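Enquirer: Using the sequences and the hints, build the whole thing.
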Amino acid sequence: ASGWRVCSINEGYMISTCLPEYIVVPSSLADQDLKIFSHSFVGRRMPLWCWSHSNGSALVRMALIRDVLQQRKIDQRICNAITKSHPQRSDVYKSDLDKTLPNIQEVQAAFVKLKQLCVNEPFEETEEKWLSSLENTRWLEYVRAFLKHSAELVYMLESKHLSVVLQEEEGRDLSCCVASLVQMMLDPYFRTIIGFQSLIQKEWVMAGYQFLDRCNHLKRSEKESPLFLLFLDATWQLLEQYPAAFEFSETYLAVLYDSTRISLFGTFLFNSPHQRVKQSTDKKLYKTRLFSFKSFKFPVTIH
Numbered sequence: 001a002s003g004w005r006v007c008s009i010n011e012g013y014m015i016s017t018c019l020p021e022y023i024v025v026p027s028s029l030a031d032q033d034l035k036i037f038s039h040s041f042v043g044r045r046m047p048l049w050c051w052s053h054s055n056g057s058a059l060v061r062m063a064l065i066r067d068v069l070q071q072r073k074i075d076q077r078i079c080n081a082i083t084k085s086h087p088q089r090s091d092v093y094k095s096d097l098d099k100t101l102p103n104i105q106e107v108q109a110a111f112v113k114l115k116q117l118c119v120n121e122p123f124e125e126t127e128e129k130w131l132s133s134l135e136n137t138r139w140l141e142y143v144r145a146f147l148k149h150s151a152e153l154v155y156m157l158e159s160k161h162l163s164v165v166l167q168e169e170e171g172r173d174l175s176c177c178v179a180s181l182v183q184m185m186l187d188p189y190f191r192t193i194i195g196f197q198s199l200i201q202k203e204w205v206m207a208g209y210q211f212l213d214r215c216n217h218l219k220r221s222e223k224e225s226p227l228f229l230l231f232l233d234a235t236w237q238l239l240e241q242y243p244a245a246f247e248f249s250e251t252y253l254a255v256l257y258d259s260t261r262i263s264l265f266g267t268f269l270f271n272s273p274h275q276r277v278k279q280s281t282d283k284k285l286y287k288t289r290l291f292s293f294k295s296f297k298f299p300v301t302i303h
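Using full-length UniProt numbering, you'd call the opening residue of the sequence shown number 1 and step up by one each time.
Fair warning: there could be bad hints in the mix.
[Said to hold, decoys possible] Restraint ranges, calculated between C-beta atoms of paired labels, are given here:
(1) Val-112 - Ser-27: 25 to 35 Å
(2) Asn-103 - Gln-71: 15 to 25 Å
(3) Ala-151 - Ser-54: 12 to 22 Å
(4) Asp-67 - Leu-140: 32 to 42 Å
(5) Lys-148 - Pro-243: 17 to 27 Å
(6) Ile-36 - Val-119: 50 to 60 Å
(7) Leu-69 - Arg-261: 19 to 29 Å
(8) Arg-77 - Val-6: 15 to 25 Å
(9) Glu-240 - Lys-73: 45 to 55 Å
(10) Tyr-22 - Trp-130: 46 to 56 Å
Please keep in mind that the hints were generated in silico from the structure rather than gathered at the bench. These numbers come from a predicted model, not from an experiment. For every residue, glycine included, the Cβ atom is placed at its ideal position computed from N, Cα and C.
Expert: Structural data, given as C-alpha cells:
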C-alpha cells in the first residue's frame, strides 16, 4: 500500500523488546515522531500495521497511550496519519478490546472450568447435564464474543471502507486473536496452510504474544491464559461452517496446539522476538528450532 512504509527504528530492539525489528507504519509519520511517541505507549508498543484491504482500509494494532497529558495529541496524530494512508481519506474506527471482550483472566477461568468438566466425572454421570454444564463454563460464550466482534470489524473494513485500530492495554493479547480472525475472514490466503502459518508468525510470534507466560511453560506463571487455544477453537468453528474455504483440517489445528504444549518447535517458547533472539545462542535450542517432520513443517524465525 502506497500510504505505508517499512520503519527500522526498532532495529536491534532499541525502542521496544516486544515488537519486531521492522514494522510497517503510515508514510506520513516520521521516524523521529515515532521515537518520541513510543515513550507514551504501554510497553513502548507503537502502532503496528497488520493488513490492508483492496479498498485501501487498513487494520492496525496499538497499545494504550499511558501519558494522559499527551494522549489526545498523539492519538489524533496517529489517526490522522492512518486516514492519510487511505486512498479515500476515510475515517478511522477504533475498537477498545479491553471494554468489548473478556480479559485473559476470564478466559483462563473458563478454560479451567472446561477442563474440570471434561476430566472429573464419568461421562455417563454427566450426560444429562452436559450442555448446561458446558454453557456454565462460559468458554463457548467467549469464543462467540471474539468471532462476533471480529465479524463486526470485517464489516467496517469491507463494507464501510473504514480503517480499524485495535487497541488494548499492552496490545499483545486480545488483539493477536482479533487481528488474526479478521484477516482470516477477509483474505483467503490466510485460510491456506502456508498463509495460516504466516498469520500466526506475523500476529502472534513476531507481534510479541507471551507464549512463555500464557502457556506457563515454566510452571510458575500467574499470567497463564489459553488465548491461542481460543483462537484455534474460533478457527475450528469457522472451519466447521465453511470447510471448503480452508486448506487444512481440524487435525492440523490439534497438532498445532499440541506443539505449544510439548515444544516440538521453538516457535512457541518465548514471550517476544527479542527473547527468542537472545536465547538463540543456545545450540540445543537452535537444533530444536531447525527440527521438522516430513509430514508436518512449521516455519520458525531463524536469526
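Enquirer: Each hint needs a verdict: does it hold in this structure or not?
Expert: Results for each hint:
| no. | hint | in the structure |
| --- | --- | --- |
| 1 | Val-112 - Ser-27: 25 to 35 Å | violated (46 Å) |
| 2 | Asn-103 - Gln-71: 15 to 25 Å | holds (21 Å) |
| 3 | Ala-151 - Ser-54: 12 to 22 Å | holds (19 Å) |
| 4 | Asp-67 - Leu-140: 32 to 42 Å | holds (39 Å) |
| 5 | Lys-148 - Pro-243: 17 to 27 Å | holds (21 Å) |
| 6 | Ile-36 - Val-119: 50 to 60 Å | holds (52 Å) |
| 7 | Leu-69 - Arg-261: 19 to 29 Å | violated (44 Å) |
| 8 | Arg-77 - Val-6: 15 to 25 Å | holds (20 Å) |
| 9 | Glu-240 - Lys-73: 45 to 55 Å | holds (46 Å) |
| 10 | Tyr-22 - Trp-130: 46 to 56 Å | holds (49 Å) |
Hint compliance for this structure: hints 1 and 7 are not met, and every other hint is.
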